[in-house]
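Take a look at the letters that make up each chain.
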Amino acid sequence: MGFLTYLINGLSLGSVYAIIALGYTMVYGIAKMLNFAHGDVIMIGSYLVFIGMSNIGGEQTGVMQVVKVVVCLAVSMIICAILGMVIEKVAYKPLRKATNLAVLITAIGVSYFLQNIALLIFGSNAVSFTSIISWQGISLAGGALKITGNAIVTIIVCIIIMVALMLFVQHTKPGQAMRAVSEDRDAAVLMGINVNATISLTFIIGSGLAAIAGALLCSSYPALTPYTGSMPGIKAFTAAVFGGIGSIPGALIGGLLLGIIEILAKAYISSQLADAIVFAVLIIVLLVKPTGILGKQIKEKV
Amino acid sequence: MKKKVLSLMLVSAMAASLFAGCGSDSSSQTEGESVDTSSELTWKIGGIGPTTGSAAQYGQGVMNAIQLAVDEVNEAGGINGYQISFNFQDDEADQQKSVNAYNTLKDWGMQILEGTVTSGACTAVAAETYNDRIFQLTPSASSTDVTSGHDNTFQVCFSDPNQGTVSADYISENNLATKIGVIYDSSDPYSTGVYQNFATEAANVGLEIVATEAFTSDNKTDFSTQLQKCKDAGADLLFLPFYYQEGSVVLTQANQMGYEPTMFGVDGFDGLLGVENFDVKLAEGVYLLTPFAADAEDEATQSFVSKYEEQFGGTPNQFAADAYDGIYILKAALESTDLTPEASNEEICDALIAAIQEVSYDGLTGNSMTWSDAGEVSKDPKAVIIQDGGYVSVE
Amino acid sequence: MNAYKKLNKSTQKLLINIVVIFAVYIVVTIMDASGNLSSLMRGLLVPVCAYSLVAVGLNLCVGYLGELSLGHAGFMCIGAFTSAFFSKAFQDTIPDVPRFILALIIGTAMAAIFGFLIAIPVLRLKGDYLAIVTLAFGEIIKNVITVMYVGKDSNGFHFSLKDQMSLGMELDGKMIINGAQGISGTPRQSTFGLAVLLLIVALIITHNFVNSRTGRAVKAIRDNQIAAETVGLPITKYKLTAFTLSAAIAGVGGVLYAHNINSLTATTNNFGYNMSIMILVYVVLGGIGSFSGSIIAAVVLTLLPEMLRGLSNYRMLIYSIVLIGLMLFNWAPSILKWRQQHGLKAILSKFNKNKEVQ
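Residue numbers (the numbering used here), protein chains in the order written: chain A, 1 to 302; chain B, 303 to 697; chain C, 698 to 1055.
A portion of the hints provided could be inaccurate.
Claimed, not checked - Only pairs whose alpha carbons sit at most 27 Å apart, straight line, appear in this in silico DSSO-like list of lysine-lysine:
#	chain 1	residue 1	chain 2	residue 2
1	A	289	C	1042
2	A	97	C	823
3	A	93	C	934
4	A	89	C	1034
5	A	97	C	934
6	C	859	B	481
7	A	32	C	823
8	A	68	B	583
9	A	32	C	859
10	C	859	A	93
11	C	849	C	823
12	B	481	A	146
13	C	1042	A	97
Unchecked claim - Ranges of calculated distance between the beta carbons of each label pair, as one might list FRET restraints:
#	chain 1	residue 1	chain 2	residue 2	range
14	A	159	B	510	55 to 65 Å
15	C	897	A	168	49 to 59 Å
16	B	602	C	1011	52 to 62 Å
17	C	933	B	578	22 to 32 Å
18	C	901	A	159	28 to 38 Å
Calculated directly from the structure, the hints in this document are not laboratory data.
Please read these numbers as outputs of a predicted model, since none were measured by experiment.
Ideal Cβ positions, reconstructed from N, Cα and C, are used throughout, including at glycine.
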């Protein structure tokens, strides 16, 4: 029974990583850049949801509670989407034709900026994030196996987002534009695709999802500080690479695997060395499959 | 060509930044001078701690509390008739940056250092103050590395061995538990220090530790696994030697799991009830060793807490209380000498080393605190239990 | 002067770099002797050199090998901890100077060995996958060091990856590496003169390497691996050599860093990915492939947050804005073009042209 509990905890943690990893992987696929500031957009999103939840009305129950959560999430998503777009326009777009490394460093600058502006606005003290999911979860096998509501909702939301994104990318006009830009930017321009708009759209979607990821992350792991986003951000980035960066199902698989490995390493090997074990597994996987689990093998042209 | 332009730009950028530096330098100098001229001579007390970075909440608490105490002392006429000027520098809880901050303060003319906040940084700075003969009183760095071999460093907080040993003794004397689980931060000097002393003493007094689990600063969002393992091992008491921010997460997650052992924290847990939006019901029945409780009834604590809340917002934690006491301890020690700010750093340092060992101070964080030549404070850790959202002393 | 002109361009540049560094050293030493150097500056001299060394090492990897490494702080960490361990363990048995020389050799060699071992699997990967694997190795190194306990007593050395108690030491034992508390009380032996000397040596070695047969091969591989393979270059050997040298130089930086500070712990900020990224910032901002650029950027970005201390709460915010601004200024194609037309250089050349016309 212990194993099942660990597995479910791992799935839940992995789902959060997966949603964050989506933001990395989409941006990487389309703009070919590592957006190191993504973790900090998540932090901003969490604070927005937190402020909304603690300032709107009093204690609600039932349907009103759900409505409140949805409204807070929606507002937070919109603000994060705008933030993502502004970051792209100001800090990344001017460097689009420069080397990838330059954009990477600018992204790090943006990450510092977001952390420090949050420090000034929200202060350094941790706030305890009230779970947006009031459902307590279910008990199975006479209480021996308890699955929290957070875990269930996180996993379901993760799957829904994943499927919706897949459909969006495969079957809509903007989605097809994204795929075209990701495949070959210059050819996409020739085909009449507005590359700038497509990249902006990617940032808008990625940052909007960051708000959801932040709310789910903080619902399960409730201490929120200006630095909350950075470590899950790095982990999710690893997850994205793990699954094959640029691939949407890859982000899901990478995230889930990373979460499960992390929890099982803590449970069965050593909680002190869990980080080292996770990274060691990552290295082994990449040595066997050098472009991640679902990554495309890029043929080098001579 | 491009490269040349690039290097040219870099050099000019450097020049610009150097000018910016000069600008800020001169401004701070004039600031210092203006203080000097208005009140002639002042005590120059420096402070160091993280005001940015992930430990910022501890550093900011200390900075605010020292400022509060300094303002009070200045209003009441200063120390030996001289006002205090206070300068606090950020170290991001990093050793090298802490030494940089210390050197900045030295350039400012610091005579006494109240800092640093975190153990690792404090050990690095203690070596510097020892060489430069500047008296150092740390509010919250509890490692023995800070004081060992340095006659000029003293602590306001309990040392790691003190906390770990007292906790184990307390649990054993009061028969709180038979099987103990420990969760600690294996990447944090403070947490591992307390844990190791606890484990050593636990073996001496016959406590059984059934599970020892760790987390690291890179991996501190999810404690469900560690909790599950303690639960499976049958631990009926969890010893949690780390800070309240992680503490609030552990309590929340234990509650979600339906795991209800006795929780036993050390002084880092103080501040738990002040976490914004934290459901204090979860902390019901948590034991902690703390010298300070923000809702204590005595007048001194209440005046400190209300002034702090009014000026900076938020409830002060034990770090802040230790830092506040620190200024008054320095005041008491300085007043027992007849020193003036004209004295050299060496004179002040030597006089204070002697004076602080004679002082017996009643403060927010303990009554009749005294100091040994080893630099450790002697005060009784108070075990308190959280009941109805407040601390209740248990004896 | 004639001899100077005979040298090829890159050697001329190297000489200029060394002369400039030496001049800075002289000026700083004079300022220090005459009491014009603030404590802050004096305290920063060795760390700046240490960061510069790591940046030079990373630049070799990024600029010439063409591979992005996000784990160079890990090599710095290895150099720092192995050398500090040695110095601490033999503090009472070996006199100062030979001990430091041995520590320097051990730190550098260990970083090189780890660099070599890590490079074997890593260099099979490409691009961002390689970057993430180096990041992973850096994190593993940091994680293992924070849970490493080594003590020494009359029975010799004791080692544990769990905690201090499991070492089972005698009462006379002393801890050398105490887990998260790291190594405290490393003898302080790094001086500015030594740091400058090591920096110059590193510059000479990298210069010789880059212009050697191996170095030219490495550049060829960077520019076109397939072509290099076709002409029969042993790719793996050259790549391994470059990566190992790069790690070794980072290790020297670590040795300097460790012997300049009393308390050495492995945290995210000093030896984790944050530091690796910071060093990458030095390299990119200073110009990929330009060693002197790396040094200038390391100096500027280390001094900048210290200079901004007057801004108190806004310090790191301003720092981040300056960083973004500098990146845009140095790399954005549109700004580069504008600078070419309206920059100082353009104005000067216009001025010169006008003169010619007259």
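Hints versus structure:
Under the criterion of a C-alpha separation no larger than 27 Å, the hint pairing residue 289 of chain A with residue 1042 of chain C is inconsistent with the structure, at around 49 Å. Between the alpha carbons of residue 97 of chain A and residue 823 of chain C the distance comes to roughly 21 Å, so the proposed pair stays at or under 27 Å and holds. As the CA atoms of residue 93 of chain A and residue 934 of chain C are separated by approximately 39 Å, the hinted pair breaks the 27 Å bound. Between the alpha carbons of residue 89 of chain A and residue 1034 of chain C the distance comes to roughly 19 Å, so the proposed pair stays at or under 27 Å and holds.
As the CA atoms of residue 97 of chain A and residue 934 of chain C are separated by approximately 33 Å, the hinted pair breaks the 27 Å bound. Between residue 859 of chain C and residue 481 of chain B the alpha-carbon distance is near 20 Å, which keeps this suggested pair within the 27 Å criterion. Taken as a hint, the residue 32 of chain A and residue 823 of chain C pair is honoured in the structure, with Cα atoms around 14 Å apart against an allowance of 27 Å. The straight-line distance between the Cα atoms of residue 68 of chain A and residue 583 of chain B is roughly 24 Å, inside the 27 Å bound, and the hint therefore holds.
A threshold of 27 Å between alpha carbons decides the hint, and for residue 32 of chain A with residue 859 of chain C the separation of about 42 Å lies outside it, so the pair is violated. Proposed proximity of residue 859 of chain C and residue 93 of chain A is contradicted: the alpha carbons are some 48 Å apart, above 27 Å. This hinted pair does not check out: residue 849 of chain C and residue 823 of chain C have alpha carbons roughly 43 Å apart, beyond 27 Å. Using a Cα cut-off of 27 Å, the hinted pair residue 481 of chain B and residue 146 of chain A holds, with the two alpha carbons roughly 23 Å apart.
Taking the CA atoms of residue 1042 of chain C and residue 97 of chain A, the gap is near 23 Å; set against the 27 Å cutoff, the hint holds. Take residue 159 of chain A and residue 510 of chain B: their Cβ atoms lie about 44 Å apart, and the range 55 to 65 Å is violated. Separated by about 57 Å at the C-beta atoms, residue 897 of chain C and residue 168 of chain A satisfy the suggested range of 49 to 59 Å. Evaluation of the 52 to 62 Å hint for residue 602 of chain B and residue 1011 of chain C yields a failure: the beta carbon distance comes to about 34 Å.
Roughly 56 Å separates the CB atoms of residue 933 of chain C and residue 578 of chain B, a value that falls outside the hinted 22 to 32 Å. Taking the beta carbon of each, residue 901 of chain C and residue 159 of chain A are about 58 Å apart, not inside 28 to 38 Å as hinted.
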